[in-house]
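Just so you know, the protein sequences line up as chains A and B, in that order. The opening residue of the first sequence carries number 1 in the UniProt record's numbering; numbering runs sequentially from there. The opening residue of the second sequence carries number 1 in the UniProt record's numbering; numbering runs sequentially from there.
Be aware that one or more of the hints could be misleading.
[Unchecked claim] The list that follows gives simulated cross-link-like pairs (lysine to any residue, SDA-like), each with its CA atoms no further than 25 Å apart:
#1 K345(A) x R60(B)
#2 K345(A) x D15(B)
#3 K88(A) x R44(B)
#4 K393(A) x L306(A)
What the hints contain is simulated information worked out from the structure, not anything from laboratory work. Quick caveat, the model's predicted, so the values are computed rather than measured.
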Amino acid sequence: MNLYINCFNRFMGCLGYLLNSALSLFPADIISTVEFNYSGELLATGDKGGRVVIFQHEQESKNRPHLRGEYNVYSTFQSHEPEFDYLKSLEIEEKINKIRWLPQQNAAHFLLSTNDKTIKLWKISERDKRAEGYNLKDEDGRLRDPFRITSLRVPVLMPMDLMVEASPRRIFANAHTYHINSISVNSDHETYLSADDLRINLWHLEITDRSFNIVDIKPANMEELTEVITAAECHPHQCNVFVYSSSKGTIRLCDMRAAALCDRHSKFFEEPEDPSSRSFFSEIISSISDVKFSHSGRYMMTRDYLSVKVWDLNMENRPVETYQVHEYLRSKLCSLYENDCIFDKFECCWNGSDSAIMTGSYNNFFRMFDRNTRRDITLEASRESSKPRATLKPRKVSTGGKRKKDEISVDSLDFNKKILHTAWHPKDNVIAVAATNNLYIFQDKIN
Amino acid sequence: MLGRGVKRKWSCLEDHVQQRQLVLGLCLEKLQRCQAGVELSLRRSVLLINTLRQIQEEMRSDGSDAQFDTPLDAADPDSRLLRCDIPVTCPGCAEGDKEGPSPPSVLPSLDTNSSPSPSKSLPAATHSTLSDAVNAVGYLSDLALDDIFEDIDTSMYETSDLVAGSFWPVSVSLWAEEEVKVRSAGPASAGTLQSCLMDLNELDHIMEILVKS
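Just chain A, with the same shape it has in the complex (with noise of 0.2 Å):
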């Protein structure tokens, strides 16, 4: 059955949110990172300015019954300003590196956003209505002599336009000395973990001046460090239990029940490397950009430089499947590591059923695997196809011998043109694409 592959062809660009004009590509608006919200309702993204904006879904209209309804924007707000280490002399950057929804409570949402330092707790609220009739202040705002308020007046609440604030809760910060590369919300909704190059700290939500330090591989003498810690995140249903991936290709999985501090690995991940392929980039290559829970927490993803790999948490030794992103691009390792490219961190989702998995690629390109029929496709993220109704059309990479009609040469693809960051509707065929400055919204077609 291939249906999935169906629906992928038939997916459609609905919508191609040009938060920027391609023309004006301004540092500031490329897109750092995209998240959706545990119901899909609303979708975050983050930017190098340290901007946060959210869209919202917006509820079918019936002139158009093709369309599941828009994401159109709810809120902007700035996250993150840069600052100035004055003991390091160096920039701290304003650029949101992670954002990560908490479960919806009450009628507020809330979300922690990350850049390499600081992370805070916004709250984003509605206000439709406002207290009128306060007699504590004269005409010019200023408060009046109480002497002179004579009668108790009980203010009303009159109803105005829907605002939508976003207000900082909690800043959690001065606890990581290196670049912050993750945040997960535990499954308990009362703790998070945060992760650096060295060290991975559990905090509380509530508590901001204080956090545990669960994971430190920094060596006594740097000297000896051959590793960082790439990315981690929780279980999605075991509050004790999270894991981490490193440079050298492999993942721990720990248990806080074991030990408060988590030094030592409950499980490794780690496939043997193939002698064959072996090359001076095989480390590079190997470094693990991302690491994400399946929803069902049986399985985990893990992201290096040229494949997906989805891995059984009960089997150590190998990945339960290898899915191959851009194989075409290891015999061009060294220009990728010429021009620096091959550091690149892509990041990996999977979608509300985990049954297909989304990563992004070079030249505008990402692709989906099928894990039931083990077929994939490439899609390209364009405005060409993100006009309405306009179905993605599947591209292909010519890997050697004579390039098709149709078929990309892999020496024409555009390698400043990637796709980092991706997410997918936690329920819905709807998934969300960074490219650089512009954010692609497609959604699978409803007959």
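Since the structure of chain A is provided, determine the placement of chain B on it from the hints.
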């Protein structure tokens, strides 16, 4: 396809050596190329240094170091590099390094050990390159604050240091001056930072050799 005689194999080997030189050269260049004022990615630096180590190991094991040895050694007796024993590890200044009295300060100009500390006489430009390169490897980024303040020294204002201080504004070529200093200081007094500079110096030499070869 490969098994067509010795000649082909030889050219394969040559390709490999050539690629190795290219990778090595780029590695060094990437480690040295620094963006002023911005902390570099530790992941990238660690991956680059591991690659360097791997190449170093390979060169050592197949003895290819010997073939470059002679001419360079003759040209510059100081260049250990050619023998491929560059301490690729880190341009020297690890925290916890027992040799030096303290890790190199983030603010070398305030460095204050009364013992002859090479950082006092650092040319400004050397300092920035050095600290960037060292930052690239992450060494300076994790200094405890105490260390920094402990190191603040007023001795830089003392007259005895004026000679060394005169190096500061003149740095046109980072390494040339560095050599002068290293030699005058003598290897015995070489502290952490000094060895660090020497290492960088050597990396630079390797680069030159590679670029010219």
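Now the hints, each set against the structure:
1. K345(A) x R60(B): Between K345(A) and R60(B) the Cα gap is close to 32 Å, so the pair fails against 25 Å, i.e. violated.
2. K345(A) x D15(B): violated (29 Å)
3. K88(A) x R44(B): holds (20 Å)
4. K393(A) x L306(A): This hinted pair holds, its Cα atoms lying about 23 Å apart.
In summary, the structure is inconsistent with hints 1 and 2 from the numbered list given earlier, while agreeing with the others.
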